[in-house]
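Read off the chains here:
There are 2 protein chains.
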Amino acid sequence: MTSADGAPRYAVAGLEAHVADLFRAGGLDAEKAAVVAQVLVEADLMGHTTHGLQLAAPYLRALDDGSMTADGEPEVVTDRGATVVWGGRRLPGTWLTVRAVDLAIERAASHGVACVVVRDSHHIACLAVYLRRAAERGCMVMVASSDPSVVSVAPYGGTRPTFTPNPLGVGYPTDGDPVLIDVSASITTNGMVDRAEREGRRLPGKWLLDASGHASDDPAVVRTDPPGSLLPIGGMDYGHKGFGLALMIEAMTQGLAGFGRAEPPRGWGASVFVQVMDPALFAGADAFARETGWMARACRASPTVPGVDAVRMPGDRALARRRRALAEGVALYPGIIEALRPFAERAGLAPPTPIVGAAAGPSA
Amino acid sequence: MTSADGAPRYAVAGLEAHVADLFRAGGLDAEKAAVVAQVLVEADLMGHTTHGLQLAAPYLRALDDGSMTADGEPEVVTDRGATVVWGGRRLPGTWLTVRAVDLAIERAASHGVACVVVRDSHHIACLAVYLRRAAERGCMVMVASSDPSVVSVAPYGGTRPTFTPNPLGVGYPTDGDPVLIDVSASITTNGMVDRAEREGRRLPGKWLLDASGHASDDPAVVRTDPPGSLLPIGGMDYGHKGFGLALMIEAMTQGLAGFGRAEPPRGWGASVFVQVMDPALFAGADAFARETGWMARACRASPTVPGVDAVRMPGDRALARRRRALAEGVALYPGIIEALRPFAERAGLAPPTPIVGAAAGPSA
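So the protein lines, in turn, are chains C and P.
Residue 5 is where the first sequence starts when you use the working numbering, and the numbers rise one by one after that.
Residue 5 is where the second sequence starts when you use the working numbering, and the numbers rise one by one after that.
The hints are simulated quantities; they were obtained by calculation from the structure and are not laboratory data.
None of the values given here were measured: they were computed from a predicted structure.
All C-beta atoms, glycine included, are put in the ideal place defined by N, C-alpha and C.
Misleading hints may appear alongside valid ones.
Partial list, computed: chain C residues near chain P (C-beta under 8 Å) [said to hold, decoys possible]:
id : residue
1  : A86
2  : C119
3  : G180
4  : V183
5  : G217
6  : G262
7  : G264
8  : R294
9  : L323
10 : A324
Label pairs and their calculated CB-CB ranges [stated by the list, open to error]:
id : chain 1 : residue 1 : chain 2 : residue 2 : range
11 : P       : M240      : C       : S216      : 22 to 30 Å
12 : C       : D33       : P       : A113      : 38 to 46 Å
13 : P       : R270      : C       : A305      : 51 to 59 Å
14 : C       : D33       : P       : D221      : 54 to 62 Å
15 : P       : H218      : C       : D229      : 39 to 47 Å
16 : C       : A305      : P       : M240      : 42 to 50 Å
17 : P       : G288      : C       : G195      : 46 to 54 Å
18 : P       : D241      : C       : D290      : 33 to 41 Å
19 : P       : D313      : C       : D290      : 23 to 31 Å
20 : P       : A113      : C       : R301      : 34 to 42 Å
21 : P       : A289      : C       : G288      : 30 to 38 Å
22 : P       : Y337      : C       : S216      : 49 to 57 Å
23 : P       : P355      : C       : G195      : 55 to 63 Å
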């Protein structure tokens, strides 16, 4: 079966199993490999194609060269009940973040609010994946991430790349579907700029700043010497807003972790802030869902601007894509399966085969 | 003494005392009156002229007509240690928020993180004021606010005003000055639109949406029938970011408070979310300040875009204005003293007199 645009579709369970096999062959134990595969495939199901399986090949290379740690547990730096700091030991960030979210949910059930901060994690992929996990268990969750070893966004008014796009994900339940918010403090992301550059495209707007301080839509400006940067949310006009959000996330991640840019760079990775609030320990889960459900319905009922058919809540599109992918298989962005082929060959694994004919559902 | 632009300057302590006298005459007890006056004057010291003393006359009118409660304490809806929900009983929001921040600081000292959510508060004025209070005590603080009885921002893709600009304030210490971030989820604020309309000006950019769904810089579009709205951060291009932040704040405030737009409107007011994290109970206060101080220095050291003399951290300008105002007196936005004159006359109070000659310092 192929999707409407002709791209092949893959059964989700089979794809997850294949990716887990690749990570086991790369050195992870079965549990870590399964979680990493599940997180990456889930990102593609939700349409976050720059932060899903596209990251599998770089992650496998990081296992090969030892920059991603394969074995063991995070180190507990502090544990005060409602606040926990882990040293991530460069373990897979996707696995660490799932563990951090689960711990924060558990602790929030007794404290109402709980924060788990992870320093020295490897890269954590797509934030939206972690949100659904907590929101479907009735919690309001916030996940934020920065990479102390990477600079690609300049402070507002400045030109020197000084921090990362710094994504912020927030999920919460309603009386219907959860709301899954996933924004970065920069207008666009490193992944989108890389992809536009590879494909010879301009960005949809002047979302970059060249090294001389002028707005640009040309992805090449981030590779000059000195380099340009990604503009913060608000761009040239009100970029103090994106700058402020980026600083908030730097402080929540590296500040609370006590480890970051003030230390020597440790390579591609992340500092992660996870917070869970349990509405049951505030004014009650039902009252929370009544307010958030009311708001979701009010937004969806709004008349629309020209060219828009309906207002969508954050997460609506991703959840619809996910449901379709679970039913019909997932269409991957071009090149993703090809990038994994050398790892599959080395491990003696057959590449996943697209769904054909009527066997469209998930394989398990 | 007059300021460089010829506006009269007022000694801070004398101005605070005068405003406190007005609120005592309006019905508040001495402690509440002093806190309300201090918060409003402090906003003007920091340059937030739409959210400082400009609000004193409307607050005094609200005391007169009973829509602001003068007496008593907030009702404790729940208290779980790290999470507290108050019913604000329409008490002065500035006083409630100061109390909420102080309680959150106290609770964070034992739990690491603490949240105080206030429902049914009166208006809370300027978020930046509350941030300095917590940051100077070594804490990372977040204050967010929405007004369940007001609609002025539409969901991204829609045209019907459905929620408020929803400000988010974040403060944190460094090894130097604190960082004070104060952004709203909309590009501009209700106060800025009102002021531009009164003064017959256009906004600096197309930051509004008319009722037919087209971007506009004309403040009159928010008064049409049906009304236009304030655009979320990101505007027509990537307004899903501001929409997401606004929804996050609606959920943190009215969702966790269990009381908001799903209930009948209660008039001008606020639902408030206050969160304090104590870095000492994460990876340590020194490690936090090392990271945040490093980042502040890196940002300030950046080369600048054309037309900008130096990168400023959020709060730098406000703190510099505050220091100057404390030394030389504060210059108020035109019309503010005049708006208070009827209340002063009714109370038999002399209006504050500008500083003259060399007596420029604070009067106490």
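I want to verify a distance hint. Is the separation of the beta carbons of P:Y337 and C:S216 within 49 to 57 Å? violated (37 Å)
Regarding the hint that C:R294 lies at the interface with chain P, is the smallest CB-CB distance below 8 Å? holds (5 Å)
Just tell me: holds or violated, for the beta carbon distance of C:D33 and P:D221 against 54 to 62 Å? holds (58 Å)
May I ask you to test the interface hint for C:V183 with respect to chain P, counting a Cβ-Cβ separation under 8 Å as satisfied? Interface hint status for C:V183: holds (6 Å vs cutoff 8 Å).
Hint check: 8 Å Cβ-Cβ cutoff, C:G264 to chain P: holds (5 Å)
Proposed interface contact between C:L323 and chain P, which counts if any beta carbon pair is under 8 Å: At about 15 Å, which exceeds the 8 Å cut-off, the nearest Cβ of chain P leaves the hint on C:L323 violated.
Take the shortest C-beta to C-beta distance between C:A324 and chain P; is it under 8 Å? violated (15 Å)
Assessment of proposed distance window 33 to 41 Å (beta carbons of P:D241, C:D290): Holds - the Cβ-Cβ distance for P:D241 and C:D290, about 38 Å, lies within 33 to 41 Å.
Is the hinted range of 46 to 54 Å satisfied by the C-beta distance from P:G288 to C:G195? At 33 Å between Cβs, range violated.
Taking 39 to 47 Å as the stated bounds, is the beta-carbon spacing between P:H218 and C:D229 within them? holds (42 Å)
Could you see if the CB distance from P:M240 to C:S216 stays within 22 to 30 Å? About 27 Å separates the Cβ atoms of P:M240 and C:S216, which means 22 to 30 Å holds.
Chain P contact restraint on C:C119 - CB to CB distance below 8 Å: Status holds, d = 5 Å.
Comparing the model with each numbered hint stated earlier shows that hints 3, 9, 10, 13, 16, 17, 19, 22 do not hold.
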